[in-house]
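These protein sequence lines are chains B and W, in that order. Position in the first sequence (first residue = 1) + 254 = my numbering. Position 126 of the second sequence, counted from 1, bears residue number 115 in my numbering, the numbering being contiguous throughout.
Bear in mind the hints are in silico, worked out from the structure with no lab data behind them. Mixed in with the good hints there might be a few duds.
[To be verified] Simulated DEER-style distance windows between Cβ atoms: (1) W:Gly67 <-> B:Asp271: 19 to 25 angstroms; (2) W:Trp107 <-> B:Glu371: 31 to 37 angstroms; (3) W:Arg29 <-> B:Glu371: 36 to 42 angstroms; (4) W:Ile41 <-> B:Pro320: 50 to 56 angstroms; (5) W:Pro30 <-> B:Thr260: 41 to 47 angstroms; (6) W:Ala53 <-> B:Pro299: 31 to 37 angstroms; (7) B:Thr382 <-> W:Pro30: 43 to 49 angstroms; (8) W:Arg29 <-> B:Lys257: 16 to 22 angstroms; (9) W:Gly67 <-> B:Pro320: 24 to 30 angstroms; (10) W:Glu100 <-> B:Lys257: 31 to 37 angstroms; (11) B:Arg308 <-> W:Tyr(-1): 26 to 32 angstroms; (12) B:Ala347 <-> W:Gly34: 25 to 31 angstroms; (13) B:Glu371 <-> W:Glu5: 29 to 35 angstroms; (14) W:Arg(-8) <-> B:Lys257: 23 to 29 angstroms.
[Stated by the list, open to error] Derived BS3-like pairs (lysine-lysine); straight-line CA-CA distance at most 30 angstroms: (15) B:Lys327 <-> W:Lys25; (16) B:Lys381 <-> B:Lys327; (17) W:Lys116 <-> B:Lys257; (18) B:Lys381 <-> B:Lys257; (19) B:Lys327 <-> B:Lys257; (20) W:Lys116 <-> W:Lys25.
Here the structure is a predicted model, which means the values were calculated and not measured. All residues carry an ideal CB built from backbone N, CA and C; glycine is no exception.
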Amino acid sequence: MLKARTLTVEIARQPEDVYNFLVNPANLASWTLVRNGRPEPSAGPNSWAFDGQRGTVIVHFTPANPLFVLDYKMQIGPQVVHAAFVRVIRNGAGTVLTHTSVQQPLVSDVMFASEEEWMLSDLMVLKTLMEG
Amino acid sequence: MRRSHTISLYVDYPYEAAYRFLVDPANYGEWAAVDKESYRPLANGLWEGVTIFGGLRHFLFTPANGFGVLDHAVFVPGETPLWTPMRVTPNEEGTELSFIFYQRPGMSEAEFASAIEWITTDFLTLKTLLEARRR
Chain B
255 MLKARTLTVE
265 IARQPEDVYN
275 FLVNPANLAS
285 WTLVRNGRPE
295 PSAGPNSWAF
305 DGQRGTVIVH
315 FTPANPLFVL
325 DYKMQIGPQV
335 VHAAFVRVIR
345 NGAGTVLTHT
355 SVQQPLVSDV
365 MFASEEEWML
375 SDLMVLKTLM
385 EG
Chain W
-10 MRRSHTISLY
0 VDYPYEAAYR
10 FLVDPANYGE
20 WAAVDKESYR
30 PLANGLWEGV
40 TIFGGLRHFL
50 FTPANGFGVL
60 DHAVFVPGET
70 PLWTPMRVTP
80 NEEGTELSFI
90 FYQRPGMSEA
100 EFASAIEWIT
110 TDFLTLKTLL
120 EARRR
């Protein structure tokens, strides 16, 4: 059993808007620390490459779907460093975003805890961006 | 925007089997706070049953999908369905289950807290039920 941690963020914006923004891989660079997104078809049909702080990161996205599921995996070299289950959920005229990270094999407890702190701060950037 | 509370728990039961069980509306009466005798399908795709604390309700379920999404609506017949988000995801040999409960219009703080306790009990029942099936 891998350790899982769920972050929940409420965003005062219609879920369609939040989903349509997030489902476009190019937009990941506007609210996280990765830059310069480009499709990486050799890694998969929904995979993009980005420049990250630890070198090139491959992100495997979920194809567009009517349930607003945005699961993803991040890979550096051969290793999956981060994997998460994500949903954008309607809450009246607003949105609840749930983000469940699953601690990957070879990722230490300290590293996992640190990544969750980074993730929360990224999600706060996303919230501000979507509400602005 | 309504206030929300997220419940998440680990179930020591394989994901595919957990999803197969939960996606079948017939099994909802096995673990949710609904009177099993009264719980039945209607002709229009809805289900109905008497809930333990709220009287007669209609139930509507998300069709089978590849993401483990199990959103369902519980509502007073004739009123607008209020969807409650629920999902199962794989975690190695087991399953993570998450559920969001919204504070409903007119629901006081005390009622909201009490409802969360009821729902948590439902999920502990479900966890026990599924984990017992493994043995």
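Here is how each hint holds up against the structure:
1. Judged by the Cβ atoms, the range 19 to 25 angstroms given for Gly67 (chain W) and Asp271 (chain B) is violated: they are separated by roughly 31 angstroms.
2. One distance hint, 31 to 37 angstroms for the beta-carbon pair Trp107 (chain W) and Glu371 (chain B), holds here, with the actual separation near 33 angstroms.
3. For the pair Arg29 (chain W) and Glu371 (chain B), the beta carbons lie near 49 angstroms from each other, so the given range of 36 to 42 angstroms is not met.
4. With their beta carbons about 33 angstroms apart, Ile41 (chain W) and Pro320 (chain B) fall outside the hinted range of 50 to 56 angstroms.
5. Here the CB-CB span from Pro30 (chain W) to Thr260 (chain B) is close to 33 angstroms, at odds with the stated 41 to 47 angstroms.
6. For Ala53 (chain W) and Pro299 (chain B), the Cβ-Cβ distance of about 23 angstroms falls outside the hinted range of 31 to 37 angstroms, so the restraint is violated.
7. Taken as a hint, the range 43 to 49 angstroms holds for the pair Thr382 (chain B) and Pro30 (chain W), whose Cβ atoms sit roughly 46 angstroms apart.
8. In this structure, Arg29 (chain W) and Lys257 (chain B) break the distance hint of 16 to 22 angstroms, their C-beta atoms being roughly 41 angstroms apart.
9. Remark: the range hint 24 to 30 angstroms for Gly67 (chain W) to Pro320 (chain B) is upheld by a beta-carbon distance near 26 angstroms.
10. Judged by the Cβ atoms, the range 31 to 37 angstroms given for Glu100 (chain W) and Lys257 (chain B) holds: they are separated by roughly 33 angstroms.
11. As the Cβ distance of Arg308 (chain B) to Tyr(-1) (chain W) is approximately 30 angstroms, the hint placing it in 26 to 32 angstroms holds.
12. At about 27 angstroms, the beta-carbon gap between Ala347 (chain B) and Gly34 (chain W) stays in the expected band of 25 to 31 angstroms.
13. Distance hint check for Glu371 (chain B) and Glu5 (chain W): the Cβ-Cβ separation is about 33 angstroms, which falls inside the suggested range of 29 to 35 angstroms.
14. Distance hint check for Arg(-8) (chain W) and Lys257 (chain B): the Cβ-Cβ separation is about 27 angstroms, which falls inside the suggested range of 23 to 29 angstroms.
15. Of the supplied pair hints, the one linking Lys327 (chain B) and Lys25 (chain W) is violated, its CA atoms being roughly 41 angstroms apart against a limit of 30 angstroms.
16. Between Lys381 (chain B) and Lys327 (chain B), the direct Cα distance comes to roughly 21 angstroms. Compliance with the 30 angstroms bound is thereby established for this hinted pair.
17. Only pairs whose Cα atoms come within 30 angstroms are accepted, and Lys116 (chain W) paired with Lys257 (chain B) is accepted, the gap being roughly 18 angstroms.
18. Pair hint Lys381 (chain B) plus Lys257 (chain B) holds up; C-alpha atoms about 26 angstroms apart against a cutoff of 30 angstroms.
19. For the suggested pair Lys327 (chain B) and Lys257 (chain B), the alpha carbons sit about 16 angstroms apart, so the restraint of at most 30 angstroms is met.
20. Under the criterion of a C-alpha separation no larger than 30 angstroms, the hint pairing Lys116 (chain W) with Lys25 (chain W) is consistent with the structure, at around 18 angstroms.
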